[in-house]
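From first to last, the protein sequence lines stand for chains X and P. Numbering follows this note's numbering, in which position 80 of the first sequence is assigned residue number 80; successive positions increment by one, without gaps. Numbering follows this note's numbering, in which position 96 of the second sequence is assigned residue number 213; successive positions increment by one, without gaps.
Careful: at least some of the hints might be erroneous.
[Claimed, not checked] List of simulated lysine-lysine pairs, DSS-like, C-alpha gap at most 30 Å:
hint	chain 1	residue 1	chain 2	residue 2
1	X	Lys70	P	Lys187
2	P	Lys153	X	Lys71
3	X	Lys9	X	Lys83
4	X	Lys83	X	Lys14
5	X	Lys57	P	Lys216
6	X	Lys83	P	Lys216
7	P	Lys216	P	Lys153
8	P	Lys184	X	Lys9
9	P	Lys184	P	Lys173
10	X	Lys57	P	Lys173
11	X	Lys9	X	Lys71
12	X	Lys57	X	Lys83
13	X	Lys14	X	Lys57
14	X	Lys9	P	Lys153
15	X	Lys71	X	Lys57
16	X	Lys57	P	Lys187
By construction, these hints were calculated from the structure, which means they are not laboratory data. Because the structure is a prediction, the values reported are computed rather than measured.
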Amino acid sequence: DGGITQSPKYLFRKEGQNVTLSCEQNLNHDAMYWYRQDPGQGLRLIYYSQIVNDFQKGDIAEGYSVSREKKESFPLTVTSAQKNPTAFYLCASSIEVPSSGGADEQFFGPGTRLTVL
Amino acid sequence: GEDVEQSLFLSVREGDSSVINCTYTDSSSTYLYWYKQEPGAGLQLLTYIFSNMDMKQDQRLTVLLNKKDKHLSLRIADTQTGDSAIYFCAETLSGGYNKLIFGAGTRLAVHP
C-alpha cells in the first residue's frame, strides 16, 4: 500500500533535548511538508521540500531543522531552541510543489504527538 | 492579508444535512480545499474547487463558492456518525509557492 508513515505516534521529551520525528513516503512524491497543529488552530507550515537536497522555511521554522537526503524521507528535528514544542506534528507530501495556478493535493501522514515534560 | 475563518463547532442529527462554512480574506485565492481529520489522525483531502467555479458536487458532498463574498461552504447530505470529525477549510494563493493556508477547523458532531 502506498502512503505516508510517521513514527513514533507518541513521543515524550525532556526540556533541553533535541528529538527527531520520522516521515517516510512511498508515493514517489517530490514534495514533502511538515506542519504543526495546536488545539483549536489550523495547521502551520514549518518546512517544505520541493526536491531532494533542497528545503525551504515555512512560517514557523525557528527551533526546527530538516534534511532531505532521500526522496522518500523528510525527518524533522525539534531542537531545544523551540520554546513551546508540545504539539501534534503532521507530515505531508504531494506529487510536486505546484507552480502558480495548480492545485496542491497534499497527502498527510497519521501524525506524531510530541509532549515535552 | 491571509486569513481563513471557520466556526468552531457544529452539531447535527444523523440523517440531516450538515453545512460547514468558511470565509477567507485574500481575493487572489486560486484553489479552496476541504480536509477531514478524524481523532488522532492526519488530514484527508475531501474535495477542492477552483476559484472560477461556483459549485462542485461529489456524491454526498457539495461545495459552494461565493467569490464575491469570499465564502465557501461544504454541505454533507444524509450525515452519518462516521462523518463526525474536524473539517478544515484551506486556500492557496496565486504567485510563488502555493502554500496551503488553513482555517482553525470546524468540529462536526453527529448525534442520533
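Quiz item: Among all the numbered hints in the text so far, which are the ones the structure does not match?
Solution: Hints 1, 8 and 10 contradicted; others consistent.
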